[in-house]
Structure formats: structure tokens, C-alpha cells
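K.L.:
The chain contents come next:
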Amino acid sequence: MELLTPQRHELVRVRKRGVSRRGFLHTVSAGALAAGTLNLRDVMSLQAAELRRQGKSMILLWMGGGPSQFETFDPKPNHANGGETKAISTSVSGIQIAQGWEKTAAVMDELAIIRSMTNKEGSHPRATYQMHTGYIPSGSVKHPSLAASIAKEISDPDFDLPAVVSVGATQGAGFLGVRYEPFMVQNASTMPQNVATTVPTNRFGRRLGLLDRLEDEFADRGGDVVVKNHRDLYSKTSKMVLSSDLKAFDISEEPESVKSQYGDSDFGRGCLLARRLVEAGTTFVEVSSRGQGGNWDTHDNLYERVGDLSAAIDPATAGLITDLKDRGLLENTLVVWMGEFGRTPKINPRGGRDHYPRVFNAAIAGCSIKGGQVIGSSTADGTAVADDPVTANDLFCSICQALDVDPRKENMSPLGRPMKIVDGGAPVGKLFS
Amino acid sequence: MRFSACCVTTLLVGLASTASAVEFSGRGSSVEVAAEVDRLVLAELKTNGVEPAGLSADEDFLRRVTLDISGTLPSSRDVTLFGLDPNQSKRNAVIERLLESDEYAEAWARYWRDVIFLRATNMRAGLSSGVFVDWMTENLKDNRGWDDIATDLLTATGDVRENGSTALIFAQEGLPEDVAGEVSRVFLGIQMQCANCHDHPWDKWKREQFHELAAFFPRISVRPVREGNMLRSYEIVSVDQSVNPQDRFLAMKENADRIFRFSDRNRDGKLVKSEVENNPLGRAFDALLERGDTNKDGGLSLTELKAVEFPMPMQTGRGSTEHFMADLNNPSSPGQKIEPKFFLTGYSPKSGLSDQERRTTFSKSLTSSRSEWFSRAFVNRMWAEMTGEGFYMPIDDMGPDRTASLPEVLDLLAVQFSSNGYDIRWLMKTIALTQTYQRAVRSVDPGSESVPFASATPTRLRGDQLYSSIMTVLGSDNAQTRGRGQQMGAGGGMYRGPRSPRDQFSVLFGFDPSTPQADITGNVPQALFMMNSPLLAGQINARGFTKLTGLLRTFPENEDAINELYVLVLARESSDRELKIATEYIAEVGNREEAFEDLMWSLLNSSEFLSKR
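Chain order of the listed sequences is A and B.
Residue numbering for the first sequence follows numbering that gives the first Met the number 0, beginning at 0 and increasing consecutively.
Residue numbering for the second sequence follows numbering that gives the first Met the number 0, beginning at 0 and increasing consecutively.
In isolation and in its complexed conformation, chain A is listed as follows:
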């Protein structure tokens, strides 16, 4: 047993990269198998819960602007409110989604669609804040994003790269602090800014050594606390700069066959980057459609704009799920597709739909989520939830459950008030059954 403890970190890595038997056996043989008593299954069951938790990741596909449910996963071809959008069949008989999502329809087996999302916030900033943090904005507390809360619970502290990465702007870690701040990538096609050293690696190392020696002076002059924090940060950052994991950010390494699966779009490249990061061990990756030129705020010219959006996002979503599945990563990676609210049932005079938080939809796949099903429904005219309403907090509780995170875990806010990761709501049982 004791022999195994130092190996745990390696085991986690092995699982994150999928079931790579060779790497796994190698790790084990270096440790316990050498002692001659443990077989593979014993090793697997050791610390199983901990391993399961630590190996999990989430990818949030953020549909900024508020995607129309009628033009995505809840088409209403037989009602005036459904407009011109037709419904198409999916790989699961009896489930239809909107035209334009043919590739996603083909992976319906993996997806659970929620057609009964409901909320009250109808303004972009407030709803975006709420759908990222689980809290409505309040002037004086910066709530942590769900990404930060999850990273705090399940990320591997020894991982070289940041635990939370966002392709495009997102909410920050709030009072959970810098350790869980999202590392922002503006463009998935290029390496993030400033990760490459400007001098050869050995000279960079020499500089770090000089810096470390010179720091003693300020430490002795009363800056000891500041110096210690700074040393921690610089050791973490230089570890990242010099890490071989850094190449996870470089999507050019991917073969053309894999790239093409995601489609030729910035959003698709963001999804490919998300897969590479999760594979390397990042806990939470958000890919924002808006940051990649995909704005769902379709107040006018609905069909043309949604057509452009789905042309990029459909192959990217389906490609991501397929790729994760092929690599054995989907069972430990939760993929959530959602925006801040839905759109009005009535099409306005400018041929668009306006903000509608009362009914909207989301899709979710991976981890322990049972795919190939639809949760809840909206009324025939789409104006209200017909059954199984799911609130933002219900969805957040479900996400926590899928990732083995306790949604009632409390973190202390700066004012000394404990705040739960998710305050209220309950997991949607059907997602897991």
C-alpha cells in the first residue's frame, strides 16, 4: 500500500490520457508489482473514489448571446412559433432536433437534451453571470465561477498547467482567488501570450537562479512574506513555461484527419484545444462561441445568422464528443452546451427572436450522464415549460454530481460568510438513470 502512494499522481495521469495500457503497466511495474503481491485489479480499486474524482474534467461550450431553442434542440415545425425551421431525425429514434445540426444529431446517443430550462434573468450580463456562477450578481461579492469551484475541489495541485482555461472571455474565480482564475486564451490557433521564453531555456534557468539569490535581500529587509508568495508563483509559472505539457496548447500538432473532424472554424479549433487540454490534465475548459465570432443574440435576421452559427458549432460539438469518445476520455469528461437564456417564441418584425429566460434548452454529455434522452419539454407553442422544469441551480447540482463534487460544499467569502458552491436546486435524477 505505502509503496503505491507516490505513484498515485502517475496513475491519475494515466487515466486522464485514456486507458493507455502500456503506460499503466509501466507505472505499476515501477511500484507495487515489483513487490510481487498486487495485481492490476487491486491497484485499480485502490483509492478508486479519489482517482475517479481527480480524473474528471469538464468542457463548457458557451453559447454567448442566448441560443434560440427553436433553432437548436427544441424545434416546433408544426406551430407558427416554430417559424421556418424544420426538425431532423437523430441517431436515437423518436428524438428530433433542428435542421442545421445534422452532425450533432448523429451523436445523439451520447447527448441528453434538456428542453425545460427556466430562469428569470433576461439581461445578458446578469444572466451570463448567473449561468457561470450559480448566483445573481450582487454589487459587493464577486462569486466564484463554477469552473473555479470545481477546480478547487478536483484539480490536481501538481499539474503544470492552469486548472481552468477559457478560450474567450469568461467570469473569474471571484473570492476563490488567483489559483483558480481562468487562464485566458484569445485564439486557439496560436500559443498563448508570453509562454515562450525570449532567451534560450538554459539562460532562462540561469536568470531564475540569479533572481532567487537576489530575493534574499528583500526577504531580510522585511519583505519575507511577499518574497515567499512571489517564489511560489514564480516556481509555478516557470514550471509551466518549461513544462512538456505546454505543447497541449499547440493544436498544430494534431493530424489533419482529427482537425477536420471539428470543422474549419475558430470555435472548432477552440474545441480541439479543449480536448488536448483535458487530455493533458486540465480540469475545466470553457470554449466561448462569442469569443470566436459566434454571437447568438439574434434579434434580427434569425435564419441566416443561426445558419452561420450552426455551420461552425454543429461539427465542432459533434467532433468534440466523437473525439473524446474515441480516446476513452468521454467517460471522465463532462461536456455541457448552453447559453445564458433562450429566445422568444414569437418572431419579431425584424425577423429575429428576443430574450426569453422562461424556457430555454441545454445539452449535456459524458461522465455518468445517460445519453440519448430528452429531459422535460416545453408547451406546444413554446411559451412555457410543460414538464420537469430545470432551474440554473438544478443544472449546476447535476454538473456537480456528474463530477463527484458536493454542491453544498461551503467556501468562505471575504466577508466571512460561508457560501455553498450551489445554493439550492437538486440534481436532475433522470440525467443519471
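Source of the hints: derived by calculation from the structure; they are not laboratory data.
Glycine included, every Cβ here is placed at the ideal spot set by N, Cα and C.
Please note: incorrect hints may appear among the correct ones.
[Claimed, not checked] For each label pair, taking beta carbons as the anchor points, the in silico distance ranges come out as:
| no. | chain 1 | residue 1 | chain 2 | residue 2 | range |
| --- | --- | --- | --- | --- | --- |
| 1 | B | 147 | A | 409 | 35 to 45 Å |
| 2 | A | 185 | B | 45 | 54 to 64 Å |
| 3 | B | 26 | A | 212 | 45 to 55 Å |
| 4 | A | 244 | B | 592 | 25 to 35 Å |
| 5 | A | 212 | B | 592 | 17 to 27 Å |
| 6 | B | 499 | A | 249 | 29 to 39 Å |
| 7 | B | 326 | A | 419 | 18 to 28 Å |
| 8 | B | 84 | A | 212 | 26 to 36 Å |
| 9 | B | 399 | A | 244 | 48 to 58 Å |
| 10 | A | 242 | B | 399 | 48 to 58 Å |
| 11 | B | 296 | A | 93 | 41 to 51 Å |
| 12 | B | 96 | A | 307 | 53 to 63 Å |
| 13 | B | 95 | A | 409 | 44 to 54 Å |
[Said to hold, decoys possible] In silico DSS-like cross-links for lysine-lysine, where the CA-CA straight-line distance does not exceed 27 Å:
| no. | chain 1 | residue 1 | chain 2 | residue 2 |
| --- | --- | --- | --- | --- |
| 14 | A | 429 | A | 324 |
| 15 | A | 345 | B | 295 |
| 16 | A | 419 | B | 205 |
| 17 | A | 75 | A | 119 |
| 18 | A | 75 | A | 429 |
| 19 | A | 227 | B | 579 |
| 20 | B | 140 | B | 363 |
| 21 | A | 369 | A | 324 |
| 22 | B | 203 | A | 419 |
| 23 | B | 203 | B | 336 |
| 24 | A | 119 | B | 336 |
| 25 | A | 102 | A | 75 |
| 26 | A | 419 | A | 429 |
| 27 | A | 408 | A | 419 |
| 28 | A | 102 | A | 369 |
| 29 | B | 340 | B | 363 |
| 30 | A | 102 | A | 324 |
| 31 | B | 252 | A | 119 |
| 32 | B | 205 | A | 119 |
| 33 | B | 205 | B | 363 |
| 34 | B | 295 | B | 252 |
| 35 | B | 272 | A | 345 |
| 36 | B | 140 | B | 89 |
| 37 | B | 295 | B | 269 |
Position chain B relative to chain A; hints supplied.
P.N.:
Then chain B, alone, in the frame of chain A:
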């Protein structure tokens, strides 16, 4: 060349002894009040058996006070001249000179920008940050009182891209609860927003008191300003006539009997479209009929009219001319109407006041001399920003239920700040003149009970101070990068990224200045920038047209060059130990240019460069 602090010690000890018996009944000068502050602090330290740290050396003082007042580093020349200046009152003189500089007004305008905008709940708030900085800079240059500035921020109306005083309200989208929460936090240091939904868990604030504060602001509206089809900006307007359909609907229901009698002209007990065409029911009649005509006879009886439900879930607040406190047991009801009342002074105006009347009377009550938390909150904030430690921590969570360190010192400063007409320069000068501010940093044994204000506390530079410091070190022209308001003009879209290099830098390095300093430790992207940014790397170059090239040419001896580099980057001379480490390093590398580049990189990346010491 070694600097000494002895002359200043004499000066300050002299002040303290002559002023120690001053009783403050009226207005005190900065010198008098500073001496009284020191007397009180020293007495407290003595009671606790704590020996205060000595005064900081000249070079440390100059760096600290320049960063605090002008938001940047002193130049090498400033450091040298100040050290050589034999004048006994040179610290006093430099404080006054810095307070009169343009850099003071600009640096502190950006400080207040961060206070307001880094807590903004409105993501579009950034639109007005440039004009806010310009507006605040002018206020600080003119040394307008904090009471006048606060009044302007509370009563502002107009285009958010033209009038900087709209910033605080725009940052909270003009929503009464959000504005109330921020007003209380920023101007009073009292956190009340928890009381939005329930009585405060441990403070005495009741939910109703929070909503009484919010009731000063329900008539504020934020409206889009369009130019043709293009959204150009937003404006803050007063709305004294309800535009909320829900309000009008409720008013209709309350008066249903009277409206019905008045409208039913043929007295057949049924309203039809032709009867209401020219009265207030007319516009909404089709919708009312569609939902309310239960017997499908094409008209509405009184019973039917009274039974019509509002089509949307009821929402409290928005667009209403009065403030409603939501009924938590029945969120879809409109809630309870609340009249404005200021929880600290008990001031409550008569009901039904216009928006401007509400906001003006509130700011009078807020800034009146009886409103002691208004003064204390500002003093606590400035004191904490300058000394690194507040009387109350976090600085924006004070109030009668919190315990302060040395409350008598805070009160002395707060009363005097108020008697001096909320004169911001007066306050900063007073703080900077205290021995307490001028003490050296020293290590604090983490195990021991710490007594505040016995020594200076090193704190991390704010993003804006760091940017100015880097510019000073690299010799770039600061004036070119001053944050200017966003220019408006044809085709200027609203949503643009950060504009100047300074703005971009502050996105990366900015943090909420109300955050306790201990929580500010920097993050990975910041460290990456300092380590690897090509912008910095281009300047850490001993061969191009850079400061470093010039320095190495002017000082051919390595020892001199090392010392000069320390003065340039850290505003102090190198110690013997540092000189030894650097000299050995140069020998080890065997290439003078390369070694000095490495040394400059190390100094710019040092924790000392990033800190106020």
C-alpha cells in the same frame, strides 16, 4: 553615497513633542493632526509593549511616497537629489510637491476607476471608464471636496460617454438594490447587500433598512442612446412617470370599479372596444379581451376585468417609480412598497419625491457632518492604501458592529477630515507626514500577535502603479500612454477592446483596490508577462537604443553600473551582498552585456520591484 534618515527623525520628534498637548476642538493643520496621530499610536504601542520600527531611510521613503501620491517610481535623478538634500523639511516639501503634480490627480482618478468598475455588475460599464477618469482627474486637480464628488456621483444624469459622474450608477445598471449596495460600501464602508434578501446574519441591519436605502433610487433609468440604427451609448435619466406596464396594470386593477363606470358609456355592464378607444384602457384593450373574455361575448364585464391576470410573471422594481421589497414567500407578487429612509441618520423625506429630489436629499444627508461613517470610510481607505493596513479590514467592511484597531486615531482623522471640508490633499498630506506612515518595513514573526502600525507593511503595487513604474524604468514617455477618454465620432462603435497600452496592462494587472492586501499575490499570466513579454524583452537589451545600453556606456566600471541599475529599477543603491552576487554572476557569465541583461531581468522580476516597501 549612503542615505540617512537622522535629520528627518529630528524633525518629526520635534513636531511630536510640541504638538502632543493639542486638544482638537476645531480645525487642525496637517502637521498638528499628524503629530497627534503619532502620539496616540505610540501610546498604544507602548501599552502593548511593542517597540516601533525606526523611520525608513530616505530612499525607501521617497519611493513609497512617490508611489502613493503620484503612482509611479521616482527617477534616478530624484533619488540622488533627495538623498543629497540637506534640508530638514525635505520630506514635507516632497509630499507637497507630489500632491500638486498632474500625476497625482491622474493616478488617483485611475484608483477610483478601479474601485468603481472592478465591482461593476454591468458588463457594459467599461464604456464610461475613460470619461470617468478624465472627470475624476479634473476633480482631484481642483481639489474638490469628497462630499462634492460623492454628491455628483449620486445625482448624475446624462450620457455615460460624456459625463464621467454617471460612472457609479451606470456600473450598477441603475438598479436600485445594486446602487444601494455599492453606495453603502463605497461611501460608508458598510456592507449591506446581504440584507437584500434577509436580515443581515450578524450585523444589526434589517432587510427593510436596506430596501429603504434602495428606495432613494427607483426612479433612475439607464436608456440606450441610438444614432440611427446604431447603439451609440447609454444615458442615465430620471423617470418620474411610471413606464412599467406592471405598475399601470396594478393601478388599473386598483381602480377597476371607477374605470369601469367611467368607460361603460351605454351602461350595459360590458366594455367593448368602441367604448374605450379614447381612454387609457384603449391601447391594452385587445390584450385584455384576449385573456379576460371568459364567456367569449366580445366584451368585458366588471368581474371579467377584475379577474384578468398580468401576462408576465410579476417582477418587482424595474421601471417602477417606487421601490418594492420582494415578498420572499411569494416571489411572483409585486412585493411591498417601501419609502426612502437613511438607516444611519434616520433621515426620511416625504413620500412621492421626484428622482432628483430623492437623490439630492440623500446625498445631503450622506455627506452631512453628522454622517460620521462617510468620513471614516474615506479615511480608512486612504490610510490602508498608504500604510498597507486599515483600521478596519477589509477596508469596505466597517460599521458600528465591527471592531477597529485604534478607533480613536480613525475618529481623530475622520473628524478633522470633515472639519477641513473633506479636503483630500489635506488628508493625504496628514497621513504622509505621520511617523507611522514613515516607518521602515520589518519582518513580523507570523506566530506572534501582531500589533498594527508598529512598522510599515509591504504591499503589492496596483496594476496602474506597476505600469507607471515600468515606464519610468524603461524611460518611455509616460505622457503618451495616459488614459484618455474614448473619443467619440462617426463610426465609433461602442464595443471596442482596451485602448491604450496602459489600459491593456491594467486588464492584466488590475485588481480591486478594496481587496485586502494579504489576498493579492499575483497570478500566472502576470508572472508570464514579466518573465517573457517581448515588449519588456525588447527593452532589457544592452545593445539597442535602450536605457541599459546608455547606462553601461556611462558606467564602464561594473560596480558603478550595478549600483546605478539598482537605483534605476528599485530606487535604491545595492547592498554589499547584492553587489557581490551580481559581480560574481557577471564573472561567471563572462559576457558583460548578457550578464547585465540578466541582472535587469531579475530586478524587474523581483518581488521588491512589484511591491511598495
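K.L.:
Sort out which numbered hints this structure fails and list those numbers smallest first.
P.N.:
none
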